[in-house]
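A.B. asks: Given next are the chains, with one letter for each unit.
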Amino acid sequence: MTDLQHVRIKQMMPPGHIRTPAYLRGKTGWIERKLGPFGNPEQQAYGLKGDPLVLYRVRFTMAEIWGDTAERPEDTLDAEIFEHWLEPANAP
Amino acid sequence: MADFDGKRWHDMGGAEAGPVVPAEHDFALWEKRVDALMVLCSTKGLFTVDGLRRAIEDMGPDVFENTIYYDRWIAAVNQNLIEAGTYTLGELGAKMDEIAKRGDTYGEAAHD
Chain A
315 MTDLQHVRIK QMMPPGHIRT PAYLRGKTGW IERKLGPFGN PEQQAYGLKG
365 DPLVLYRVRF TMAEIWGDTA ERPEDTLDAE IFEHWLEPAN AP
Chain B
1289 MADFDGKRWH DMGGAEAGPV VPAEHDFALW EKRVDALMVL CSTKGLFTVD
1339 GLRRAIEDMG PDVFENTIYY DRWIAAVNQN LIEAGTYTLG ELGAKMDEIA
1389 KRGDTYGEAA HD
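Just so you know, the protein sequences line up as chains A and B, in that order. At position 45 of the first sequence the residue is numbered 359 (this note's numbering), and the sequence of numbers has no breaks. At position 21 of the second sequence the residue is numbered 1309 (this note's numbering), and the sequence of numbers has no breaks.
Same shape as in the complex, but just chain A (with noise of 0.2 Å):
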């Protein structure tokens, strides 16, 4: 994941506590920064220790996430998503 610059939110559901907003599955932007590993919220909401994972910052635009529903394209929108969230923008 390191040199990942720019990536795509996974598309997937499970059921359960997800800090991933489902309005960002699917879409891609880009890393604008390496936050650091912290505990996984999606044990830590269940009583667990979270493992360690990297946070980072994703830079999304507007068009990219409303499409022509969008009132101004070009401004962007941040999101801190956890790593397993992440895959490399260009996979099938």
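Calculated directly from the structure, the hints in this document are not laboratory data. Each hint should be verified, as a subset may be incorrect.
[Said to hold, decoys possible] Capping the alpha-carbon separation at 27 Å, the derived lysine-lysine pairs in BS3-like fashion look like this:
#: 1; chain 1: A; residue 1: 324; chain 2: A; residue 2: 363
#: 2; chain 1: B; residue 1: 1295; chain 2: A; residue 2: 324
#: 3; chain 1: B; residue 1: 1332; chain 2: B; residue 2: 1383
#: 4; chain 1: A; residue 1: 363; chain 2: B; residue 2: 1383
#: 5; chain 1: B; residue 1: 1389; chain 2: A; residue 2: 363
#: 6; chain 1: B; residue 1: 1320; chain 2: B; residue 2: 1383
#: 7; chain 1: A; residue 1: 348; chain 2: A; residue 2: 324
#: 8; chain 1: A; residue 1: 363; chain 2: A; residue 2: 348
#: 9; chain 1: B; residue 1: 1389; chain 2: B; residue 2: 1295
Fit chain B to the known structure of chain A by using the hints.
C.D. replies: What follows is chain B alone, placed relative to chain A:
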């Protein structure tokens, strides 16, 4: 925007929201106490903010219409403290009964 199967009720980003109605709101004493309890218990490591959010998400969509913010938070705090083994429901029930007998006001309830 794609509508994914399996999206849960609380995941509202991008949904139609209607107008935002600005309103002043002061906090009631019990609401401040819920906040203090939440900070105290998470500092002691009894739960995480993820655990609280999970409990609220699992309450389902109706809870968003039928309760206020701090109703949901105290229910989530209770759920997490039971799961952490901090107290049992029997102990909680006995304590609630004891305090209810002190009186109806904060002033009365504050004294043992």
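A.B. asks: Next, verify each hint and record whether it holds.
C.D. replies: Outcome of the hint check:
Distance check on the hinted pair: residue 324 of chain A and residue 363 of chain A sit about 24 Å apart at the alpha-carbon level, within 27 Å; holds. In summary, the hint linking residue 1295 of chain B to residue 324 of chain A is supported, as the alpha carbons are separated by about 14 Å, within the 27 Å threshold. At most 27 Å may separate the alpha-carbon atoms for a hinted pair to count; residue 1332 of chain B and residue 1383 of chain B meet this at roughly 21 Å. Our distance criterion of 27 Å between C-alpha atoms is broken by residue 363 of chain A and residue 1383 of chain B, whose separation comes to about 31 Å.
A threshold of 27 Å between alpha carbons decides the hint, and for residue 1389 of chain B with residue 363 of chain A the separation of about 40 Å lies outside it, so the pair is violated. With a C-alpha separation of about 20 Å, the suggested pair residue 1320 of chain B and residue 1383 of chain B falls inside the 27 Å cut-off, and the hint holds. For the hint pairing residue 348 of chain A with residue 324 of chain A, the CA-to-CA distance comes to about 18 Å; that is within 27 Å, so the pair holds. A distance of roughly 22 Å separates the Cα atoms of residue 363 of chain A and residue 348 of chain A; the hinted pair therefore holds under the 27 Å criterion.
The hinted pair formed by residue 1389 of chain B and residue 1295 of chain B fails the criterion: a straight-line CA distance of about 45 Å is larger than 27 Å.
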